[in-house]
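Q: What follows is the residue order along each chain.
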Amino acid sequence: MNDWIDKYLDGVMTVREQVTFEELLRKDTALRQEYLLRKAIDQAMAEQDIMNLRDQLNEIMNVHSKKRLLRPVMLSVSAAILIILVVIGVKFLIP
Amino acid sequence: MESLTTEIIIDGIRAQDKTILKAIYYTYFPSIKSLIEDNNGSEQDAKDIFQEAIIIIYRKIKAGNLKIHTLFKAYIFAACQKLWLKELLARNEKMEHLAIFTEYQSTLEINLDEYTKHKQFQLYQKHFKRLEKGCQETLRMFLNEMSFKEIAKKLGTSYDYIRIKKTRCKKQLIRYIKEDPEYERWKNIDNE
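Top line first, the protein sequences correspond to chains A and B.
According to this note's numbering, the first sequence holds residues 162 to 256 in order.
According to this note's numbering, the second sequence holds residues -7 to 184 in order.
Bear in mind the hints are in silico, worked out from the structure with no lab data behind them.
Being a predicted model, the structure only gives us computed values, none of them experimental.
Careful, some of the hints might be misleading.
Stated by the list, open to error - List of simulated lysine-lysine pairs, BS3-like, C-alpha gap at most 30 angstroms: (1) A:K200 with B:K146; (2) A:K168 with B:K157; (3) A:K168 with B:K121; (4) A:K168 with B:K125; (5) A:K168 with B:K170; (6) B:K163 with A:K200; (7) A:K200 with B:K121; (8) B:K10 with B:K125; (9) B:K25 with B:K59; (10) B:K118 with A:K168; (11) A:K200 with B:K125.
In isolation and in its complexed conformation, chain A is listed as follows (with noise of 0.2 angstroms):
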């Protein structure tokens, strides 16, 4: 049935299959279902400007919590360095 519903999505039915299965979409509730789930899938992988939208503020968001991220971390490395740096020197200066 499902390829029924795809059939008729792209318009490759004859008028006489259209007819039988615009009938049945009346009758049947799960296949007019179906059929309204694909349709609206079709119309969603046409909006393609949307979808950009989308990466584009993806991008502009993760770079920014990146960014927010990578402060913590060089403090938290600097801090490091600091107290090697502290441990090394007073065990080399006070013998």
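Starting from the known structure of chain A, fit chain B onto it as the hints suggest.
A: Relative to the frame of chain A, chain B by itself:
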């Protein structure tokens, strides 16, 4: 940086101008982040809600029915509030600890049908993006009103091959969608 007027913002969103989008994010996100975090949400929730707000605004700009009577700052804040409320209701969160929602009147007009459709499309598009590039390309070509024969010719393959490929790709996409727990959540209820 020149100041962000509502006009610049709307034009920027319409054109998907990266510089403007970035400016919008840096200018308005901090207040949205506090809003969400003060009301049972995480930073990731805040990002999701902010993104949804921008996309809904974009949809409205495209449809020619965006009406902003306040400053953009107030508009997007109210929009995010409204979207976060919808999200919390959908998650069945207890609302008693929320301070925000009674104080402000939202100016974003978005009805339930519109919102449901928006969430459904978001889900479909998310899974469409998971498909391999070849599948995405094939499925997209069918949407451009090209016939099977034209597509086969363009890709340099046979009519049968392209039909089988298209069916396979569509099947996979639908499987991805139906396996997603979000699918049941936003499923249409057939009232006809």
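Q: It remains to establish, for every hint, whether it holds in the given structure.
A: Tested hints:
Taking the CA atoms of K200 of chain A and K146 of chain B, the gap is near 25 angstroms; set against the 30 angstroms cutoff, the hint holds. A C-alpha spacing of about 14 angstroms is found between K168 of chain A and K157 of chain B, which places the hinted pair at or below 30 angstroms, so the restraint holds. Pair hint K168 of chain A plus K121 of chain B holds up; C-alpha atoms about 23 angstroms apart against a cutoff of 30 angstroms. Restraint check for K168 of chain A and K125 of chain B: the C-alpha separation of about 23 angstroms stays at or below 30 angstroms, so the hint holds.
With a C-alpha separation of about 21 angstroms, the suggested pairing of K168 of chain A with K170 of chain B holds against the 30 angstroms cut-off. Simply put, K163 of chain B and K200 of chain A have alpha-carbon atoms about 14 angstroms apart, close enough for the 30 angstroms limit, and the pair holds. For the hint pairing K200 of chain A with K121 of chain B, the CA-to-CA distance comes to about 18 angstroms; that is within 30 angstroms, so the pair holds. Proposed proximity of K10 of chain B and K125 of chain B is supported: the alpha carbons are some 24 angstroms apart, at most 30 angstroms.
A distance of roughly 24 angstroms separates the Cα atoms of K25 of chain B and K59 of chain B; the hinted pair therefore holds under the 30 angstroms criterion. With a CA separation close to 24 angstroms, the supplied pair K118 of chain B and K168 of chain A stays within the 30 angstroms bound. A C-alpha spacing of about 21 angstroms is found between K200 of chain A and K125 of chain B, which places the hinted pair at or below 30 angstroms, so the restraint holds.
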